[in-house]
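Which chain is which? The protein sequence lines are H and P, in order.
Each residue of the first sequence is one higher than the one before, counting from 1 in my numbering.
Each residue of the second sequence is one higher than the one before, counting from 1 in my numbering.
Rather than coming from a laboratory, the hints here were simulated on the basis of the structure.
Treat the numbers as computed from the prediction; the structure is a model and nothing was measured.
Backbone N, C-alpha and C fix where the C-beta goes; we use that ideal spot for every residue, glycine too.
Mixed in with the good hints, there may be bad ones.
Heads up, simulated DSS-like pairs for lysine-lysine below, C-alpha to C-alpha not over 25 Å straight-line [claimed, not checked]:
1) H/K102 with P/K49
2) H/K44 with P/K49
3) H/K9 with H/K57
A few chain H positions that, by computed beta-carbon distances, are all more than 12 Å from chain P [unchecked claim]:
4) V4
5) M41
6) Q110
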Amino acid sequence: NAGVTQTPKFRILKIGQSMTLQCAQDMNHNYMYWYRQDPGMGLKLIYYSVGAGITDKGEVPNGYNVSRSTTEDFPLRLELAAPSQTSVYFCASRGRQNTFEKLFFGSGTQLSVL
Amino acid sequence: AQSVTQLGSHVSVSEGALVLLRCNYSSSVPPYLFWYVQYPNQGLQLLLKYTTGATLVKGINGFEAEFKKSETSFHLTKPSAHMSDAAEYFCAVRVNNAGNMLTFGGGTRLMVKP
C-alpha cells in the first residue's frame with residue numbers, strides 16, 4: 001500500500017515557468033488536499049476536493065489550479081511561477097468516514113522559484 | 001472563522017525533562033482539536049485528537065493534551081523528553097461548520113538536548 005505519493009520531491013523553477021505537482025493515492029479516499037508550508041507559518045490550505053469532479057478553494061488559492069478527474073489523482077498546477085510560491089507543498093487525503101483522524105500526508109515537494 | 005496560535009516557534013528541552021508545547025485556538029463553536037508531528041523530510045502524522053468527551057486525551061509516544069475551554073487552550077505535554085521526540089509539532093482545529101477544512105498553527109520545533 002503506497003498511501004499518498006507526491007512527485008517530484010524537489011524542483012527549481014524560473015519566474016514565469018509553469019509546472020504540475022502530482023499527487024496520487026491508492027486508498028480510494030474521497031477527500032484530497034493541497035497545503036503549502038512556509039517557515040513559521042504552518043500549513044495553509046490551497047485547494048481541496050471532496051470527490052472526483054469536485055474541487056474548492058482553500059485559504060490561499062491564488063496562482064494555483066487543480067483538477068480531479070479521477071478519485072486517485074489530484075494534480076496542482078502553477079501557471080506562472082512567482083518567488084512567493086517558493087515553499088514545501090504537501091498533498092493529503094482522507095476517507096469519507098474519517099474526520100481528520102486519518103489524514104494521510106505525502107512526503108512533500110520542495111519548490112524553489114528563482 | 002477559526003484560528004490557531006502556537007506560542008514559541010522553537011522549544012528546547014533536555015532529555016528527560018518535561019515537554020510543554022502551547023496551543024491556543026479561537027472558535028465560535030465547539031472545536032475539534034488535533035496535534036500532528038512532522039519528522040524531517042516527512043509528512044505530518046497524527047499524535048492525538050480531541051473531539052468530544054474526556055478533556056484529557058492521550059496520544060502516541062507518551063504525549064497527551066488537555067482541552068481547556070475556559071482558556072481556549074490545547075497544550076501538548078510529555079513527562080519525559082526523548083531524543084527521538086525532536087521534530088516539528090503542529091496544532092490544528094476544525095469546527096463542525098467548516099466542512100472539510102483544517103486550520104493549522106504555525107508550528108513549534110522541539111529540540112532535545114542530551
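We went through each hint and held it up to the structure:
Among the hinted pairs, H/K102 with P/K49 is consistent with the structure: their alpha-carbon atoms are about 11 Å apart, no more than 25 Å. Only pairs whose Cα atoms come within 25 Å are accepted, and H/K44 paired with P/K49 is accepted, the gap being roughly 20 Å. Of the pairs offered as hints, the one joining H/K9 and H/K57 holds, with about 24 Å between alpha carbons and a cut-off of 25 Å not exceeded. A cut-off of 12 Å between C-beta atoms contradicts the statement that H/V4 is not in contact with chain P; the least separation is 7 Å.
Once the 12 Å rule is applied to beta carbons, H/M41 is inconsistent with being away from chain P; the minimum gap is 6 Å. Non-interface status of H/Q110 relative to chain P is broken: a Cβ of that chain comes within 12 Å, the nearest being about 9 Å off.
The structure is inconsistent with the numbered hints 4, 5, 6, although it conforms to all the rest.
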